[in-house]
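Trainee: Add chain Y to chain G, keeping to what the hints say.
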Amino acid sequence: MSTAVSPSTAMTRPATRSGSKPKRHYGTHIFLTAMAVMWLIPLIWAVFTALRPIASTNEHGYFSLAGDFNLDNFIQAWSQGGFAKYLWNSVIICVPAVLLVLFFASMMAFAVSRVSWKFNVTLLIMFTAGNLLPPQVLAAPLFEMAKHFQVPYSFSDSGNMLNTYIIVIAVNMAFQMGFCTFVLSNYMKALSADLTEAALVDGAGIWRQYREIIMPLCRPAFAALATLEVIFIYNDFFWPLLFIQSGDRLPVTTAINNLQGEFLNNYNLLAAGAVITVIPTLIVYLLLQRQFVAGLTLGSSKG
Amino acid sequence: MSTTARDLVPPESRAPSGAPAKGVRSGKVRRLSKRDKAVLSLMVGIPTLIQLVFIWLPTVMSVGLSFTRWNGLALSDIRPAGADNYQYISQDYPPFWPAIQHNLLWLAFLALVATPLGLLLAVLLDQQIRGSRIYQSIFFGPVMLSLALIGIIWQLFYQRDNGLLNFLLGTSGTPQAVDWFGDSSVNIWAAMIAATWRHAGYVMLLYLAGLKGVDPTLKEAAAIDGATAAQTFFRVVFPAMRPINIVIVVITIIESLRAFDVVYVINRGTNGLELLSALVIQNLVGEGQVIGVGSALAVVLLVISLVPIVFYLSRTFGKENRA
Chain G
1 MSTAVSPSTA MTRPATRSGS KPKRHYGTHI FLTAMAVMWL IPLIWAVFTA LRPIASTNEH
61 GYFSLAGDFN LDNFIQAWSQ GGFAKYLWNS VIICVPAVLL VLFFASMMAF AVSRVSWKFN
121 VTLLIMFTAG NLLPPQVLAA PLFEMAKHFQ VPYSFSDSGN MLNTYIIVIA VNMAFQMGFC
181 TFVLSNYMKA LSADLTEAAL VDGAGIWRQY REIIMPLCRP AFAALATLEV IFIYNDFFWP
241 LLFIQSGDRL PVTTAINNLQ GEFLNNYNLL AAGAVITVIP TLIVYLLLQR QFVAGLTLGS
301 SKG
Chain Y
1 MSTTARDLVP PESRAPSGAP AKGVRSGKVR RLSKRDKAVL SLMVGIPTLI QLVFIWLPTV
61 MSVGLSFTRW NGLALSDIRP AGADNYQYIS QDYPPFWPAI QHNLLWLAFL ALVATPLGLL
121 LAVLLDQQIR GSRIYQSIFF GPVMLSLALI GIIWQLFYQR DNGLLNFLLG TSGTPQAVDW
181 FGDSSVNIWA AMIAATWRHA GYVMLLYLAG LKGVDPTLKE AAAIDGATAA QTFFRVVFPA
241 MRPINIVIVV ITIIESLRAF DVVYVINRGT NGLELLSALV IQNLVGEGQV IGVGSALAVV
301 LLVISLVPIV FYLSRTFGKE NRA
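Those protein sequences? They're chains G and Y, same order as listed.
Taking the numbering used here, the leading residue of the first sequence gets 1, the next gets one more, and so forth.
Taking the numbering used here, the leading residue of the second sequence gets 1, the next gets one more, and so forth.
Bear in mind the hints are in silico, worked out from the structure with no lab data behind them.
You may find that some hints are simply not true.
From the structure, some residues in chain Y lie toward chain G, with a derived Cβ separation under 7 Å [stated by the list, open to error]:
hint: 1; residue: D36
hint: 2; residue: V44
hint: 3; residue: Y86
hint: 4; residue: S90
hint: 5; residue: Y135
hint: 6; residue: A148
hint: 7; residue: L149
hint: 8; residue: N162
hint: 9; residue: A209
hint: 10; residue: D261
hint: 11; residue: V265
hint: 12; residue: T270
hint: 13; residue: V280
hint: 14; residue: L284
hint: 15; residue: L301
hint: 16; residue: V303
A few chain Y residues that face chain G, going by a derived Cβ cut-off under 8 Å, partial list only [said to hold, decoys possible]:
hint: 17; residue: V113
hint: 18; residue: I152
hint: 19; residue: V237
In silico DSS-like cross-links for lysine-lysine, where the CA-CA straight-line distance does not exceed 27 Å [claimed, not checked]:
hint: 20; chain 1: G; residue 1: K85; chain 2: G; residue 2: K189
hint: 21; chain 1: G; residue 1: K118; chain 2: Y; residue 2: K34
hint: 22; chain 1: Y; residue 1: K219; chain 2: G; residue 2: K189
hint: 23; chain 1: Y; residue 1: K37; chain 2: G; residue 2: K85
hint: 24; chain 1: G; residue 1: K85; chain 2: G; residue 2: K147
hint: 25; chain 1: G; residue 1: K118; chain 2: Y; residue 2: K37
Even glycine gets a Cβ: it sits at the ideal position worked out from N, Cα and C.
Chain G extracted, bound-state conformation:
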C-alpha cells in the first residue's frame, strides 16, 4: 500500500519528458480552459446571484450587472433562514460521528491487521462490504427500528429514537466504519512487524501495542481520514432526511432542501444559503486539501 502519491516520482518525471521534446500545449490549454470555465460557471452564478439583493434583480432582471451588490442575502439567510442553527446541528452530528468512527475503526483495524486469528479476513470483508451498500437498502428497517425503540420522553420528545441526533450519529458512524477500517488496516499492515515484536518481547500487552506503538504511527492516516470523514458526514443528506422530522434539528445539507420550497420566489436567498453551505467545505478545501486528496487516494490505492 502506498500513501497517496509519492512526490518523488512526480518530481523526477518532467525532466525526462521535457528533455526529449519541448512540447507546446496550446490545444490542451484551450480545451482545459474551456472545461474549467464550464466547471466554474454554476458556482460563479450562485455567488453572483447571492450577492445581489432581490430588489436589484426584480428591477434589472437576473442577467444584469446593474444595481447593488451586498451581503444582505447572507445576513438574512443567517438570521431569518436559520443557517446559524443548521450549521450548529451539522457540528453536533459531525464531531462525535467522526471521533467515534475513527476510534472504533482503529481498534478493529488493529485487531485484523496486527494480530492473526481465524476470522480476521472474513470480518474485514464484512466491514468493507457494508460500506459499499446503497444506504436506501437499509432505510426501511433502520427507520422502523428507530421508531419502535421506546425511550423515555425526557430523553427524546418523540418517545423513540426518531428525531434524535444520536440515531443519525450512530448510523453515520456504522456506515463509515467499514471504509475507515479498510483504509486503516491497510495502513497498519504496511507497518513493520518488528515494531510490535519488540514490544512483545518487552511484555507489552495488546492495548499498549495499539495505544503506544501503532496509533502514533498512524497519525498521517488519521489526519487524512478525519478530513475525509468530516466532509463525508457534513455532506450526508440521506440519514437526517430519514430520521429527523422537525426542521429545526436538521443539519445544513439536509435543511437546504426544505429552504428550496420556502425561498421559491427568492432565488437570491436560496443562492446565499447554498453559498453558506459551501463555506465550511471551502475552508477544508483551502486548508486541508492535501489531507482530503490523500484520504481519497488511500482508499483506492490497494487493488
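Mentor: For chain Y alone, kept in the frame of chain G given last:
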C-alpha cells in the same frame, strides 16, 4: 496478512517446517495472555456489534420485510405476503421499469461520459503543463460538495425563467425556454450532467494518483520501440493502472446505484427522474406507508449492488484468502 502474523512469532517458537499452517496460528494465539484476549475481543466485538446491528441486521430485515405486507405501525400487523410485492412492483407499479431504465442510463452516462472525461482530464493534467495545479483545483472542487447541494446549485443554473443556461441560449423568457429540471423529457440528462460535474473530478483525482504510480521507464521503453502516444497510453500505461481501473469501475457502478440526493432535491424522484433508490424512499415515508413494497424495491437494489461489491471484494481480498 498471515505473513505478518508469522513474522510476529519468533523463529524458535515456530512450528517445524512441514507442519500445517494452523499449528502456527494456534501457537500464536496461545502466546496471548488472558487479559490480551479479553482486550482483543472488546476491540473486535464492539465495532462488529455496531456493524451487525446497524448494517447487516437491517439488510436481512429488508429481505424479510419484502415478503410481508405492513403499514409500518404495530409490529403485530405484519402479514406474510409471499412474493406479492415483487409481482406488484414488476407488473403493476408504473415507476418501476422507468426507474430501472434510468438507473441503467445513469450508469451508462457515468461510464461512457463522466469517467472517460475524468480520465482525459487526468491524462492532460499529468503532462506537467503550466497551471496544472490550478486546473486540478478547479476540477476537483465539486468533489467536496454534497450531491444535494449540487442539485441546488444547478437548479439556479437550469431554471426556466431566471436560470443562466436559458439566458446563454437566448431562450430565457420566451415560450421555447426549457425547464431543464422540470421537463420530464430532458431532466434526467440535466441531472446526469450535474452528477458528472462531481464524478469526473473524482475520477480525475484517482487517475492522477494512478498515472503518477506508473513506472516511467515503461513509457520510455514503449517510446524507444516506436509506439505513438496513443499506443503507449492504451497498450502500456492504461493496463499498468489495473488496480485503479478496478476501483473506478466499482465506484462508477456504485455511484450510479446510489444516485439519490440530486433527484430527491429536484423533485423527490418523480416525473422523469425515477430511480430505484428514490422509489424505495417514496414507499417508506409519507401517507400510505407500504413497507413491503419499499423493501422489495430495496432488495432489487441490493441484489444489483451485490454484483460490483462481490467483484470488488473478490479482487481485493482474493489474494489474501489464498495466501
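Trainee: Now tell me, hint by hint, if it's right for this structure.
Mentor: Now the hints, each set against the structure:
1. D36: holds (4 Å)
2. V44: Hint on Y/V44: holds, closest Cβ of chain G at ~5 Å, below 7 Å.
3. Y86: Because about 15 Å separates Y/Y86 from the closest Cβ in chain G, which is outside the 7 Å limit, the hint is violated.
4. S90: violated (18 Å)
5. Y135: holds (5 Å)
6. A148: holds (4 Å)
7. L149: holds (5 Å)
8. N162: holds (4 Å)
9. A209: Nearest chain G Cβ about 4 Å off; hint holds.
10. D261: Holds: closest Cβ of chain G sits about 5 Å from Y/D261, inside 7 Å.
11. V265: holds (5 Å)
12. T270: violated (15 Å)
13. V280: Holds. Min distance 4 Å.
14. L284: Y/L284 check passes; min Cβ-Cβ to chain G is 5 Å, inside 7 Å.
15. L301: At 6 Å from the nearest chain G Cβ, Y/L301 passes the 7 Å test, so the hint holds.
16. V303: For Y/V303, the interface hint is violated, since the closest Cβ of chain G sits about 10 Å away, which is over 7 Å.
17. V113: The hint is violated - Y/V113 has no Cβ within 8 Å of chain G, the shortest such distance being about 13 Å.
18. I152: With Cβ-Cβ at 5 Å, under 8 Å, it holds.
19. V237: With a closest approach of 12 Å, the Y/V237 hint is violated.
20. G/K85 to G/K189: At roughly 42 Å apart (the allowed maximum being 27 Å), G/K189 and G/K85 break the hint.
21. G/K118 to Y/K34: OK: G/K118 and Y/K34 at ~17 Å, within 27 Å.
22. Y/K219 to G/K189: Violated, at about 31 Å.
23. Y/K37 to G/K85: violated (45 Å)
24. G/K85 to G/K147: Holds - the C-alpha atoms of G/K147 and G/K85 are around 25 Å apart, at most 27 Å.
25. G/K118 to Y/K37: Between G/K118 and Y/K37 the Cα gap is close to 14 Å, so the pair holds against 27 Å.
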